[in-house]
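S.K.: Here the protein sequences line up with chains A and B, keeping their order. Going by my numbering, the first sequence runs without a break in its numbering and finishes at 615. Going by my numbering, the second sequence runs without a break in its numbering and finishes at 438.
Check before you lean on any hint, since a few could be wrong.
Said to hold, decoys possible - Taking lysine-lysine pairs in the BS3-like style, the calculated list, with each CA pair at most 27 angstroms apart, reads:
id: 1; chain 1: A; residue 1: 433; chain 2: A; residue 2: 322
id: 2; chain 1: B; residue 1: 404; chain 2: A; residue 2: 421
id: 3; chain 1: B; residue 1: 404; chain 2: A; residue 2: 491
id: 4; chain 1: A; residue 1: 487; chain 2: A; residue 2: 607
As the list claims (entries may be wrong) - These stretches of chain A come out as covered by chain B in the derived footprint (C-beta under 8 angstroms, 3 or more residues):
id: 5; stretch: 387 to 396
id: 6; stretch: 401 to 408
What the hints contain is simulated information worked out from the structure, not anything from laboratory work. Just so we're clear, the structure is a prediction, and the values are computed from it rather than from any experiment. A virtual CB, placed ideally from N, CA and C, is assigned to each residue, including glycine.
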Amino acid sequence: MLKKIFKHNETYLFFVLVVFSIVITIINPSFLTFENFFDLIKSSAGMTILTMGVLIVLLSGGIDVSFTAIAIAGQYISANVLIASGIDNLYLAFLISCSSGIALGAINALLISIFELPTLITTLGTLNVFHGALLAFVGTKAINTAQLPNCFKLFGHKDLYTLMRADGTNYGLSVYVLPLIGVIILTWFILRFTMLGRGIYAIGGNKEAAKRAGINIVGIQFFIYCYVGFLAGIMGVMHISLIRYGNPMYIVGDELSVIAAVVLGGARITGGSGSILGTLLGVAMITILQKNLVLIGLSSYWHQFFIGLIIIAGVSTTYYRNKLISKRSIALISG
Amino acid sequence: MFGKHSKNIALFLIMAFIIALMSFFLPDKFLTVVNFQSMASQIPEFGLLAIAMMIALITGGIDLSVVSITSLTGVVSALILKQFTNTQIGGASIFFTITMAILAAIVLSMFCGFINGFLIANVGVPPILATLGTQGLFLGIAIIITHGHGISTFPEKFLFIGSGKISIIPMPLIIFIVCTLLVALILKKTSLGISMYMVGSNPIAARFSGINNDGILIRTYIITGLLAGVSSIIMISRVNSIRPGYGYAYLLQAILVAVLGGTDPSGGFGSVLGVVMGIVILQVLQSGFNILAFSPFFKKFIWGLMLLLVMIINFVIARYLQRVKKLKISTSV
């Protein structure tokens, strides 16, 4: 039983996370408070939603780097439509953002499934096409707080559950946990209980075998990339509501930390393996690290370095273990 | 009709067509010595990165860290140049400094490439993820060193590499030609080059025919890193400054040009000649866009679109050829 637990990536990650949290708590006791915990959830909710999409893409044996461009496109278009039309409705914002996200995701899916193009190069291309088109044809002007429709501000400010500090002021758990938990459960349900989820794992494990087994590869790939677009649309609205400022230059460039969180959680691009729990631990690790770099005495210049280091450490352990296992099995067969 | 050289012939026709188009519509701006010189000094920077990308693609991998290697080696050699020029003055020491800076760039870039190769060959990480990680790592080190600021103004003698001319040929172009000839020689005439193609087209078959795949991959990424290092020397010398993250757009352009030049992203195919023609096509278009004053965002859009279109066209041609082959087989039987 214990042996089985230690076979999982998640176990190691969990222990690293615990040790890391203890160290930070010793340096700064305010780390282990509800307030900080709530704050971490709120600020990492958007990223977590994106990681669910990236996880599914990795499970299917592909990679997507265009989701940041999709998120910013959804955000910028929906905010601009709301401002131009004068309708102050959050549901409309989500509708516009998510549907443009799905549309852009469908373009990715079209290129990848119909033309069988390599996923990395395709999404690198669409990243530039989407972002370039947004800036060249839609606009480059930032949306400041005064222009921003009220519904965004209310959404970003709303608490689901409030607690009181010692000095009598309030703090609370943001309403962001609702879309967050919704997306996690939805993704978990799809992967665990539907034929679609089995198909995603099957394509990632062996595409040719999946095709022979009668799995509709084109249809599943369309679902995957549209789902990523949909999640990016949600994240776009959450992001603008959180920072109360919309700049079409934001979000793009943060792909690396999202992918880092997913690969740190043990998702493998080559094997159809990876889990939601691992991904969530990966997100927790990256968020805590990012927020506390300064606390350990390192300036924000170290951010990029650590993201790179985390990706390398994460993928190295995952793949090296894989390599050892396959070597052992070859030795078993031949000897 | 679709022989061994068909792709290169098609590329040559596209190149000739675009140059003719530009000369026809913008004769007084495009067809000038100055424009050609400026094109020739811009080509080497991303051209070397494109050649590097091609090598990685031939072995079935990809190197996303080239621009970060350029940043890191650029920053380190810039620091050496600044350090020595601040303390020492005099002819001999300047040459010593410049040699040191170039040597440092070469050694460091090869070391960065070695790290990539080690992760891919020995640890077994897929090239996409390994170089994605080192992309952040190398750039991160460059940012830590300079705190995100730029470094500028180098000794005048050093600037000769990037903006000097020998008669009317810009110096960067000469370096570029030498490098591409060397790479072509390695790919076509050495066992290393031939092994690279074999590893790229079928790694298992390559291993069973006695090729040391791991060694080949490590050497591949060392060469890739080295080319990025040479590109960084040209870059800091031409721009006379370096900032971590400078030239990030080159990553997309390098992949675009490599694929445009007939390199197969799934490995095993690619030629220096094709990629060089791809580089010329991109540069001619680039200079046309500059003359027409397109915004950088619109250019971003166009480059992305071009990459996708080229890949779609390649796919359609491959599909067509397959069908023709099948027809031939069925009629001959």
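S.K.: Which of the stated hints cannot be reconciled with the structure, identified by number in ascending sequence?
M.R.: 3
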